[in-house]
Amino acid sequence: MRWLFSLLSLALLGAVHAVSFTGSRLLVVLEDAKEQEKYGVFLGDLTARGFHLTVESPKESSLSLFKHGERAYDHVILLPTKSKGLGPALTAGNILEFMKKEGNVLLALSSEYATPTALQSLLLELDIHIPSDKGALVVDHFNYDSTSAEEKHDVLLLPYPKSLKPDVKNYFAGEGVIAVPRAVGQTLGNDSPLIAPVLRAPSTAYSYNPKDEADIVEDPFAVGGQLNLVSTVQALNSARLTVVGSSEMLQNAWFSEKATLAGKAVKTANRDFVEKVSSWTFKETGVLKVGKLVHYLDEGVSKKPNASSAVPENNPKIYRVKNNVAFTVEISEYSNTHLTPFVPATGDSVQLEFSMLSPFHRLNLKPLSQTANSTIFGASFKTPDQHGIFNFHIKYNRPFLTNVEEKRQVTVRHFAHDEWPRSWQISGAWVWIGGIWVTVAGWLAFVALWLYSAPAEKIVKKTQ
Amino acid sequence: APPSSTPAKQTSTTTSAKPAPKSTSKPGSSTNASDILQGVWDKYVHKTPQRVKLLDSFMAFLVVVGALQFVYCCIVGNFPFNAFLSGFSATVGQFVLTASLRIQTNPENKAEFETISHERAFADYVFGSLLLHFFCVNFIN
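Top line first, the protein sequences correspond to chains A and B.
Per the UniProt record's numbering, residue 1 is the first one in the first sequence, and the count goes up by one each step.
Per the UniProt record's numbering, residue 1 is the first one in the second sequence, and the count goes up by one each step.
These are computed hints drawn from the structure, not numbers from a lab.
All values reported here derive from a predicted model rather than from experimental measurement.
A couple of the hints might just be wrong.
Unchecked claim - Which residues of chain A face chain B? A partial, calculated answer using Cβ under 8 Å: (1) Val19; (2) Arg422; (3) Ile433.
Said to hold, decoys possible - Derived Cβ-Cβ restraints for the label pairs, each shown as a range: (4) B:His46 - A:Phe415: 51 to 61 Å; (5) A:Lys366 - B:Ile75: 45 to 55 Å; (6) B:Val64 - A:Ser427: 19 to 29 Å; (7) A:Thr411 - B:Asn138: 22 to 32 Å; (8) B:Glu112 - A:Val447: 17 to 27 Å; (9) A:Leu451 - B:Asn78: 31 to 41 Å; (10) A:Gln425 - B:His46: 46 to 56 Å.
Built from N, CA and C at the ideal position, the CB exists for glycine as well.
With the hints as constraints, model all of the structure from the sequences given.
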């Protein structure tokens, strides 16, 4: 019977291809059940990755994002609805509360339908702006699909996005062409440091409402690279929300469609791109985890901090002024199925602050070694010449990576009375030591002479 | 042998050439500064007992050692300060103790110290000196 059991466990393992780091309960909000087939391949891919899907209509009375005060689902996909109201369960406040409880949201918009008011206020809250009129979509006269949008030019064919900055790892890279049909363009506000674009419109694109009958668009909503087709928000608690401007991008019809870009026949790579976007949104990629954090007093046996993972968890609560301290921390990156060693982008490093009110040390943590699942970073330093309560503080917030913050508090005490250097160890004191001992030697000589010499006057014995 | 306590003879000094010699009411008086010093020195050498001279020479030695330390401090600086204090106060303290022993055992002060024998004074002196040395060694760490 054992072979049956192991076969069963193997089968279960095989079924899980990739799973989210934070849970697998996924809610798909879809108004019209008949539309579910249109997204069949996308939802099938999600199921294959290990998510447990629940498809509900927003009008369903039993729909709720929360149960007994906790999240009822780990992730939510909101697909476009015909009606402007999303129901009482999906107000902007509820969705934000869901995010505050670290739930992730994938939001798809469509130019065909008006964006529900709940989503409009949600996006406003997050500082993502969309055109206020229904039917506005992104048009490009140079990057369009000649097969399907010969005249309207509203199906964009774009290459995979490049990374935001040289030192940001790109989780959405790939080879091929992505079709973005009839997308609602978004612009990002300037106030929030939490929003980032994933797929930007090319410089020749602009937002346009076909109902607008003027020959030229005066005062468009946005143009060029300011327009985003896929935008993301990562909150301070690392909850993620992605806005996909075109819900048709997620549909079977566009997953591997033949298209024509500037005369060349291409095949759309939507399935792969959507997989990358949903992986990131649902915390399958770009997730950091901090493992063992060890700090210890470096007794000075070796100059380099102990790089093995076998350092016993020591973490003393108290150090002394001017002690040598070594600090190591394990950081892993979750990559679809398992934890892998985290490698920061070139030129970037995780930093350790040793601070009391303000940092006394700010050091780059160097990667010392790697285990199967994590990289061990370490640094050594000398505690400053100041007593007090200090914190080991790591704060690592990077685009598209979950936020890492670790704090450990330690006391730094004064020198004890017997830890000061002895007088003979201070070369400046040798003269005074000599002075004392010369005095003592002279005194001893004097005492010897005094005792040797006869008294100054004869003691007159009193005779009775 | 130490000199007895009989009053010493007045040493007379020859006066150097002066325009108007003083009246002869005070025999042996000198008017010159160097003569005065010479007279003081001669009187000291002849009249002080041996033991007192021993005390005085030890005190002079302590002054020299203390002055050397002080001059060194002025030139090089007083780091570490506790070491300077300790070394300097060893000489100063020892000087004070020796001075008090001198007061108590000087035959000329016999009238004021009837109740304190020389042995008692010396014992006090040794005890105080040992305390001083202990303090200085402790303070310099």
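Right, here's what the structure says about each hint:
1. Val19: violated, 65 Å
2. Arg422: holds, 6 Å
3. Ile433: With Cβ-Cβ at 6 Å, under 8 Å, it holds.
4. B:His46 - A:Phe415: 51 to 61 Å: With a Cβ separation near 59 Å, His46 of chain B and Phe415 of chain A satisfy 51 to 61 Å, so the hint holds.
5. A:Lys366 - B:Ile75: 45 to 55 Å: holds, 48 Å
6. B:Val64 - A:Ser427: 19 to 29 Å: Given a distance of about 24 Å, which is inside 19 to 29 Å, the answer is holds.
7. A:Thr411 - B:Asn138: 22 to 32 Å: holds, 30 Å
8. B:Glu112 - A:Val447: 17 to 27 Å: At 24 Å between Cβs, range holds.
9. A:Leu451 - B:Asn78: 31 to 41 Å: holds, 37 Å
10. A:Gln425 - B:His46: 46 to 56 Å: Between Gln425 of chain A and His46 of chain B, where Cβ atoms are some 52 Å apart, the hint holds.
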